[in-house]
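> Listed here are the chains, written in short residue letters.
Protein chains: 2
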Amino acid sequence: MKEETDKRKAAGTAADPREKYMRAALKQAEKALALGEVPIGCVIVSGDRIVGRGYNRRNTSKTTLAHAELIAIDKASRKLGDWRLEGCTMYVTLEPCQMCSGSLVQSRIDRVVIGTMNPKAGCAGSILNILEMPEWNHQVEVETGVLQAECQEILQQFFRQLRQRLKKEKALRRAEAAGAADTPAPAAATPAAAEGAAPGTKE
Amino acid sequence: MKEETDKRKAAGTAADPREKYMRAALKQAEKALALGEVPIGCVIVSGDRIVGRGYNRRNTSKTTLAHAELIAIDKASRKLGDWRLEGCTMYVTLEPCQMCSGSLVQSRIDRVVIGTMNPKAGCAGSILNILEMPEWNHQVEVETGVLQAECQEILQQFFRQLRQRLKKEKALRRAEAAGAADTPAPAAATPAAAEGAAPGTKE
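Protein sequence lines correspond, in order, to chains A and B. So the first sequence is numbered by my numbering: it starts at 431 and just counts up by one. So the second sequence is numbered by my numbering: it starts at 431 and just counts up by one.
Just so you know, not all the hints are guaranteed correct.
Just so you know, same-sequence chains aren't split out, so a pair can sit in one copy or run between any two.
Unchecked claim - Derived BS3-like pairs: lysine-lysine, alpha-carbon spacing no greater than 30 angstroms straight-line: (1) K597 - K509; (2) K492 - K509; (3) K450 - K505; (4) K550 - K492; (5) K457 - K492; (6) K598 - K509; (7) K492 - K505; (8) K450 - K597; (9) K505 - K550; (10) K550 - K457; (11) K461 - K509; (12) K600 - K550; (13) K505 - K597; (14) K505 - K598; (15) K461 - K505.
Hints are computed from structural coordinates only; laboratory data are not their basis. All of these numbers come straight from a predicted model, not from anything done at the bench.
One chain only, chain A, in its complex shape (with noise of 0.2 angstroms):
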């Protein structure tokens, strides 16, 4: 299994379409990364082609209105010329929330693959599954589980950074506020080295 896995990823190929559109909805996650943005990222894909991508800038742009699924299904929209995103089927790295679990349900996409689930706040089966409600006048098909490890592992990688950045900022702030000012501060509470650990550079 691992051998057969490995020779895909060798070859640059993936036999199941849904692994290399959840590649491909990764290699927006880490956009976000490299931003200092919680690392989320999505495709959308009409046929076999893509016509929407998103990652999350909420902070960068400074409105609710940047989570990855918003800026995916916007762009697609436009593509298509059309609100109604009838067909086609959106790649996302982790569960959404409640407003991209609407917009999906109100955009009439298909079908909706995801990595990693959120069973603090998703919608899509965690807390609500506001995707397949009998209520509305379109349901969503749910898929989990589409490359979970990877999906799992850079949300793992941000928090982890995050904490360690933290712990170094409250550091540097006791040795501050304990008059440190005259002896040389720990080498990890400096302002250079809790930059080095921001989001995006390796631990």
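Please arrange chain B on chain A, whose structure you already have, making use of the hints.
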């Protein structure tokens, strides 16, 4: 009571600030009506200042992101320079859908004041109450029924005109199918008459 309301209207002011802002939301809904869109409008207020306005233009802009609420949230965020709309209130003519209710939670807005409810698809109490779920890290206070009659009337006006237009178009197609080319078509079934009944024009 009625006399008092008439006096207020005559003076061009509203003693109740909620009515003043809901009238501003109705003004936005009128802009949607003029475009032939389902007339839904909203404003976002911070302190005593309107910081975001929006009206539904989903068909015109060809994107799901053109719901009134999302447009207003985006504008308010850009104006305030933050995706967090803490301390703000949204006034919206119709109960928000799944996506827009989710966007209110995500934007951490304090409160939403609703004109009229949407029993078929509303998510601020009708089908779901996404806004006040204890599972989220933020809840939005909900108030309903402000200028309910006016908010309902503008929607009823739109759907009345839409039904009339569709009826006329159907009659026109029937007349054409019956080979009515040799006999004059009934006045109501001419393309010009059907055009005249388009939303945004007087009946």
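> If a hint holds in the structure, say so; if it does not, say that too.
Hint by hint, here is what the structure shows:
no.: 1; hint: K597 - K509; verdict: neither (44 angstroms within a copy, 33 angstroms between copies)
no.: 2; hint: K492 - K509; verdict: both (24 angstroms within a copy, 10 angstroms between copies)
no.: 3; hint: K450 - K505; verdict: within (20 angstroms within a copy, 36 angstroms between copies)
no.: 4; hint: K550 - K492; verdict: within (23 angstroms within a copy, 33 angstroms between copies)
no.: 5; hint: K457 - K492; verdict: both (22 angstroms within a copy, 27 angstroms between copies)
no.: 6; hint: K598 - K509; verdict: neither (45 angstroms within a copy, 33 angstroms between copies)
no.: 7; hint: K492 - K505; verdict: both (19 angstroms within a copy, 11 angstroms between copies)
no.: 8; hint: K450 - K597; verdict: neither (37 angstroms within a copy, 48 angstroms between copies)
no.: 9; hint: K505 - K550; verdict: both (28 angstroms within a copy, 29 angstroms between copies)
no.: 10; hint: K550 - K457; verdict: within (24 angstroms within a copy, 39 angstroms between copies)
no.: 11; hint: K461 - K509; verdict: both (22 angstroms within a copy, 26 angstroms between copies)
no.: 12; hint: K600 - K550; verdict: within (26 angstroms within a copy, 50 angstroms between copies)
no.: 13; hint: K505 - K597; verdict: neither (38 angstroms within a copy, 35 angstroms between copies)
no.: 14; hint: K505 - K598; verdict: neither (39 angstroms within a copy, 36 angstroms between copies)
no.: 15; hint: K461 - K505; verdict: both (17 angstroms within a copy, 25 angstroms between copies)
Hint compliance for this structure: hints 1, 6, 8, 13, 14 are not met, and every other hint is.
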